[in-house]
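Visitor: So the chains spell out like this:
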Amino acid sequence: MTNPYVPILVMMGVAGVMALGGVAASAIIGPKRYNRAKLEAYECGIQPTPHAVGGGRFPIKYYLVAMTFIIFDIEVVFLYPWAVNFTELAMFGLVAMMGFLFLITVPFVYEWRRGGFEWE
Amino acid sequence: MTGGFTAPQIDWAQLAPIIIVLGAGVVGVLVEAFVPRGVRRNVQLALTLLASAGALIAVAALWSGVRETGGTSVVGGSILLDGPALVIQGVVAALTLIALLVVADRTETGESAFAPAAAAVPGSDYEQLARRAGLEQTEVFPLIMFAAGGMMIFPAAGDLLTMFVALEVLSLPLYLLSGLARRRRLLSQEAAMKYFLLGAFASAFFLFGVGLLYGFAGSVRLDAIAEATTTVVGLDPLMLAGVAMLLVGLLFKIGAVPFHSWTPDVYQGAPTPITGFMAACTKAAAFGALLRVVYVVVPSIVWDLRPALWAVVILTMAVGTLVALVQTDVKRILAYSAIAHTGFILTGVVALTSSGITSVLFYVLAYGAASIGIFAIVTLVREVGPDGVVLGEATHLSQWTGLGRSNPWLAVTFSLFLLSFAGIPLTAGFIAKFTAFSAAVEGGATPLAIAGAVASAIAVFFYVRIIVLMFFTDAPRAGDRTGAEVTVVKSEGLTTVAIALTALLTVLLGVFPSPVLDLMAQAAKFIP
Amino acid sequence: MSLTNYLVLASLLFAIGASTVLLRRNAIVVFMGVELMLNATNLLLVTFARMHGDLSGQVIAFFVMVVAAAEVVIGLAIIVQIFRTRRSASVDDVNLLKS
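Residue numbers (the numbering used here), protein chains in the order written: chain A, 23 to 142; chain B, 36 to 563; chain C, 261 to 359.
Because the hints were derived from the structure by calculation, they are not lab data.
Hints may contain errors.
Chain A regions said to be covered by chain B (calculated; three or more residues, Cβ under 8 Å) [what the hints assert, rightly or not]:
| hint | stretch |
| --- | --- |
| 1 | 107-113 |
| 2 | 126-138 |
Calculated Cβ distances over 10 Å to all of chain B for the following chain C residues [stated by the list, open to error]:
| hint | residue |
| --- | --- |
| 3 | V268 |
| 4 | L269 |
| 5 | I276 |
| 6 | L283 |
| 7 | T307 |
| 8 | V324 |
| 9 | T345 |
We put the CB at the ideal spot given by N, CA and C, even for glycine.
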């Protein structure tokens, strides 16, 4: 292993095998039972457009989950630079990030208490 | 990693007003999560009132220090706590305090101005259910606190990144708040969407301006950019485009023509207490930030920008005044009047003298107080349904006829605010306009002062028209009315206090302006 | 490749986003235009950061991403609410306030 890039290549190879292998395996050995819902176009939890406009119910939960995901997913961008410079930033960084994480927890608690995570 | 990291020294005491208000917002969210529904409203109200009063006290406590030192830079220069910033923070805190009284008032009908359940589809069974159950969207209180916190950071921002984040922190809650009206919910939601889409568009321009200025100066700190305008050569287009786009974002927030199109719709559609809050506090904060950009960054390139700024000022005054003449909805008239006032305040901004800063600081206080008061009165004049049920606000002008006879006190106070808007002597509006126009003359912008005087003279017409309508026009008999019957509901007391306070301020600032003017003259200096 | 190419690309993306906002009628698409403008600015900031050899441009890009996410949440909430009421997300249908 003289070249430092070889392990990366190996990892990419393993990842590729895992991803493709999973799909291939389920295509080959998985059961195939089609029904109407499965054959319809998938459109973000909404009924496919022709049906939705006239009436029917609107699954608002999808948006709730999407919004929650966006908030917590994006906040991670501040965690990465902090993690990389953890020793450099020392105590100040730790305290600042704890404060930041506390503030992120506040809306999380609000959403939880108000039933934002209950599906039915 | 090259270059060691040194933790910035943070002088927490200097940040006290901001931290108190934003902290109250965070605690307010926790209150929403843990306090039982029944007492939530009272807890929120007490919390937010205490916080804005606390912020006001903190501003007062910081005052002598700032007067002696001229201001300090906090958090490594991201926040500049100088005279104008502190005054705007004080104005925002005080006006938020008064606006909260109007927001919290449920009047004798027992219903607040906000939707019982904002997520319910208008007209649905669930909405009816929520209304009958007496639900309340108490989230408005923390939202107002977050907006007020953003407004307090906005004028104090020492770099453009902080300014951008503050702009968003103050805008995002306002987008939501303007969509929460209890009555005419479709209008309200529509206003929220317009405000949001146009606001996001304007902030994108602001941000691109930040990007260009960063490319020009290699830093987003205002002092560094100001220095670069005199030293860097050959990049003038970059700088001019950057400053222009920055100004677009700021002029949008204050509602100057041609970036005013959201103002009438949002002022009309938003819940009226929020309209008052927005008119007063957003304007104060955005003018604070605009002053800082214009006075710190622009001076060395003022000749390049002068024609554009002058055109904006004159257009703003003209459009605001002329379009207001033909409006028939009270809230829309007040919205166009707000646009015209933006033009008047801008004359103080483009004067580029220290008396210009003083005039802007005084004007936003005088105008803000009168706006909260006048919109508070609008919340009390209601339509009555055929079965005697009190409905939404009676905003059509014809519904205000004869109000002076049936409710003299209300009409007199309303007239007082209108006269202040018109700039009649012995009201705060007169002093404000006088200082703004004389600052413009002093700063070599005499044409603007003349245009402002002409616009004010025309504006007197539609202000006085409302007064005449209220006092000297006979109310149509019941059968003649096209709209619903009109009544004036009794407030729970909070709105009355707010109206009294703002009326008192309007008179006091008009009769004894000198202490406040002196105070603001002492504050009228930016630290770079 | 010269760094100025990135600046040209950023300006183009910004212009495309701005025209999307002004020309398209669907509120969600309009909003996507705004997001495109914000991301064009990110490209601008990162490129300038590279040109100046200064990190603050990259840091600002992080902040912009977070602010944009917050904006998405607020914007989607408002647009979804209107859609549920009217079954339409077209900005042309939002015209009750026209006087």
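Visitor: Are any of the numbered hints broken by this structure? If so, which, sorted upward?
Guide: Violated hints (numbers, rising): 7, 8, 9; every other hint is consistent with the structure.
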